[in-house]
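*Asks:* First to last, the protein sequences are chains A and B. Each residue of the first sequence is one higher than the one before, counting from 195 in my numbering. Each residue of the second sequence is one higher than the one before, counting from 551 in my numbering.
I should point out that these hints are in silico values taken from the structure, not numbers from a laboratory. Here the structure is a predicted model, which means the values were calculated and not measured. Each statement offered as a hint is correct.
Only pairs whose alpha carbons sit at most 30 Å apart, straight line, appear in this in silico BS3-like list of lysine-lysine:
| hint | chain 1 | residue 1 | chain 2 | residue 2 |
| --- | --- | --- | --- | --- |
| 1 | B | Lys623 | B | Lys700 |
| 2 | A | Lys235 | B | Lys700 |
| 3 | A | Lys235 | B | Lys623 |
| 4 | A | Lys268 | A | Lys198 |
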Amino acid sequence: METKLRSETTGFALAAAVTVLFNTGLAWAKDAYAPLQDFMKSVGGHHWTTHGLADLVVFVGLGLIFTRVQAVEKMDAERVIRILTGSVAVAALGLVVWFVVH
Amino acid sequence: MTMISLSDVVLLAHAGFGVTGCLAAAWVVAEALNARPENAGRIRGVALLVALTMAAAWICGGYWYVHFYPEEKTLILAGPWPFAHNVFMEVKEHLFFITGVLALLLPIAARENLSANAGARRLVICVAGLIVITGLAVEGAGAVIDHGVKVALLHGVSTGER
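Isolated chain B, as found in the complex (with noise of 0.2 Å):
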């Protein structure tokens, strides 16, 4: 029987807005390096999309952390990858408030007039590029710290709730 809970929609929506983030930011690298007058409206309406959906993977993703983390961390602790809490998901916590902080800057970034602007355009390009990568690494330690809870539950970990 098919059973998807709250905790799955919610960490599929992270996840989900997290990529769409890191997409829209490499778009708007791909139309910054080619700015011009016609896709000025363009760029920032991708810049805004960025921080919208970073803004919708922080939302969900806190809501997931703070009310559904707490028991798969027990499970990745007793597991035999205890640093995929320890470390990636320390680091991830973190280090994705900087892509946050970065994809709410890239809206402002792109109001300049990138077109005749070489300053700002590759300030432009410097904010989405830092974007996707610190996005990727993001979405790169979730899916360990997702392997952490694959691999303790393949050992027998249970949290004794289950």
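Same shape as in the complex, but just chain A (with noise of 0.2 Å):
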């Protein structure tokens, strides 16, 4: 049976798990440094807006470009399957523990 991903799935698959990484750093450092936080609600009209149109950009970006990358399209899919869940898992708890703790 077949195992292997086009190149666009596993291209946008990676730049989902580096997206949601990148979310909670910036989610991180803009609760952290507030002058961050200014530049973005002066960017977007609102800090959140920025930082969802932030995302968008990163995640279309990686995905166009990994796309296009040799070694990702050779990547097996049990180990994109591992990034995307371990990333997701991280990012997420990295919000909880964050907005808890802080």
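Fit chain to chain and form the complex, with the hints in mind.
*Replies:* What follows is the structure, given as structure tokens:
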């Protein structure tokens, strides 16, 4: 049975993995450093709006780039699944711990 | 007298689209577990529905959060459940982006030949499952935030504008 993924699937799955980690990192950074939050507010009218747009740009941009990278194309489906689920777990837990403790 | 404001409509649309997206993602899990050539089109269609409903939830939620939430935030922070904002809203507003990105990924992954590709099938089940889990967590956080406003009002807290 076939197990190889299309390059678009692998590329955008890895882009999603990076984006969710970026999302949590940006949430930490703007919460800890007020000037960054002010800057994000000045860009999109509200820091949350800019945050969402930044996530979309990272996801789409990296997805298009990763789709064209040969090393990514050869990646096994199980490895892609492990990277994506691991990233989502770390990113979600990172948000919960940060806002509970902070 | 019944009075339904724009804020109410947008907020309920946000929650409604979110729940619909979660249910559609659960549907994708069930279909992908039984992937055959006959249901390939249905899986792709429902995966697209997940992306569209989550995008609509994103837009409605974002509009409400930016335009209407500040007044409720003031109530919550002055009430007995400040953690409804400090923890639950802070986590929800950022966790939702994870759900949103996964929802955008799902229709791309669902374009694979799932009946013939075990790896792709597991990926689609995994992505849709993560949408259900994170989406329900976001929905639950929304209920706590809503209750934070309710207990504040029950304790006589006011923004001074009502």
